[in-house]
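Participant: Quick mapping for you: the protein sequence lines, in order, are chains A and B. Okay, so the first sequence: first residue is 1291 according to the numbering used here, each after it adds one. Okay, so the second sequence: first residue is 527 according to the numbering used here, each after it adds one.
Just so you know, not all the hints are guaranteed correct.
[To be verified] Covered by chain B, per the in silico footprint, the following chain A stretches (three or more residues, Cβ under 8 angstroms):
(1) 1501-1508
(2) 1520-1534
[Claimed, not checked] Over the 10 angstroms line for every Cβ pair with chain A, so calculated as not near, a few chain B residues:
(3) E529
(4) E531
(5) H534
(6) R555
(7) L578
(8) P592
(9) R601
(10) I603
(11) G648
(12) D664
(13) R672
(14) R676
(15) K703
(16) R729
Just so you know, the hints here were simulated from the structure itself, not pulled from any lab data. Positions of the beta carbon are idealized from the N, C-alpha and C atoms, including for glycine.
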Amino acid sequence: MAVVSTRSGRLGNRIAIAIVIVITLIFLSPIYWITTTAFKPLVQATSVPPSIVFEPQITPFVKLFTKRAQLTAPVAPEVYEAAPWWERLVLDGGERLARDGKGNVVFSAYPDRFINSLIIAITSTILAVSLGTVTAYGFSRFRVKGEADLLFFILSTRMLPPIVVAIPMFLMYRAVGLNDTHIGLIILYTAFNVSFAVWLMKGFMDEIPKEYEEAALVDGYTRMQAFFKIVLPEAATGIAATAVFCFITAWNEYAFALILTNRRAQTAPPFIPSQIGTGLQDWTVIAAGTVLFLIPVAIFTFLLRNHLLRGMSFGAIRK
Amino acid sequence: MAEIELRHIDKHFGPVHVIRDVNLTIKDREFVVFLGPSGCGKTTTLRAIAGLEEIDSGEILLDGKPIQNLRAADRDIAFVFQNYALYPHFTVYENLAFPLRAVGTSAVEIDKTVRSVGGSLGISHLLKMRPSALSGGDMQRVAIGRALVRRPKALLLDEPIGSLDAKLRETMRVELKRLHYENGSTSIYVTHDQVEAMSLADRIVVMNEGILQQ
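The whole structure should be built from the sequences, with the hints applied where relevant.
Facilitator: Below you can see the structure in the form of structure tokens.
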């Protein structure tokens, strides 16, 4: 690659880099805010002006994973002494941990909800991406009657804001018994993402020269084998990019999860705000829940980053 | 090796009549060149013989057996594409081995064949490389190697050296001719370059607007 080393070119580069850094900081600031809030003492979390300097603590995370009640009377010193360090953190905040009949600490529903989120987001992503890939391949390689209309129809399913269909969906799901089930949300998110996956994958598929498969066909392979051995590896970047987008959509979905689930299959997004609680609003717990919730998407995107970067420019720039 | 016979081949693309009643017999071990301007139906005819394009009517016979309804995979015909179509995620070795794996050849046999084909094409030193790292001429050699590796009944070449520079074309022409003598495969070669056609062909078939002219 040729490097332009004129003076104006270098200056232009520096300005561009400076602008990119500023924009990056602006975009990262909410993440900084939510992360620091998760480690702040309760009082400082909502102080105005926001406190920059504070003593980080992990009380919010202890609270996130337990059930608590307000202390009505000061704890006895011997009880306080006997308590493990993490329980003391809660006691210091004027709350006590809820315990079951045997004296064991009762855990909150957060881990369950988090696992629900993982199950539902991962399954629906796999389904949407596989269906999308196969459908896109069909549209890309075969002459399909009414192709443009069909593709438009597939896209049109994304045109309604989801909340518009939420109530009808609720009634239908109740009628067929899909309310508050994992499979219910999986079907919904898959249906929602598949249109997106088809369109994205179609772009990638169109970029793969059809001669690769034709070569495989004359080399003695069936179309199915050619698809798995040649097309899929070639489409890996597209598949990775599509998977990230589908995963983020399914992972972050709030409206349907709020309406269609309440206990068994509830995902983390509707659960986290439900912890605001009554009496006082403990934003630190919300922040702690949110921070943990951000991690899987970050990991997933990080793992696929090489594919993703190539994928974005590959699919988007041409055509 | 084999004799190819085309009987009354007809093909439309929508309203366009691309191949009109083509009749042709290509003898065993013959090197035939289809010559004609672009869009005259020569590539389509070639693709039809390979099984990549369906024909509307007519018969394609390979050694006297009709093959027009067989899948490309079952025709035992190899095809060299204009843009080579080497599998980019495979090494040269894997590219050459791919057709052999389709028919379940043993690993030892594959290794032997790949190395001998690599040797005869002068690409032995490239076996571990990926296609993207090769020069145009070497890509072409690999593409031809991939076609020859399973000893097909017929070899079809669609403007295989059209995208190389003039000097390299010259070299490749000589090489192709040599390979044809060594392997003795029935070959059909498509080009729009008369010089190329003259220097390679045992027989030249001129096509225009889907009709055989000569």
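Participant: Taking the hints in turn, state whether each one holds.
Facilitator: A quick look at each hint next to the structure:
no. : hint      : in the structure
1   : 1501-1508 : holds (count 7)
2   : 1520-1534 : holds (count 3)
3   : E529      : holds, 19 angstroms
4   : E531      : holds, 19 angstroms
5   : H534      : holds, 24 angstroms
6   : R555      : holds, 20 angstroms
7   : L578      : violated, 5 angstroms
8   : P592      : holds, 18 angstroms
9   : R601      : violated, 8 angstroms
10  : I603      : violated, 6 angstroms
11  : G648      : holds, 22 angstroms
12  : D664      : holds, 17 angstroms
13  : R672      : violated, 7 angstroms
14  : R676      : violated, 7 angstroms
15  : K703      : holds, 23 angstroms
16  : R729      : holds, 23 angstroms
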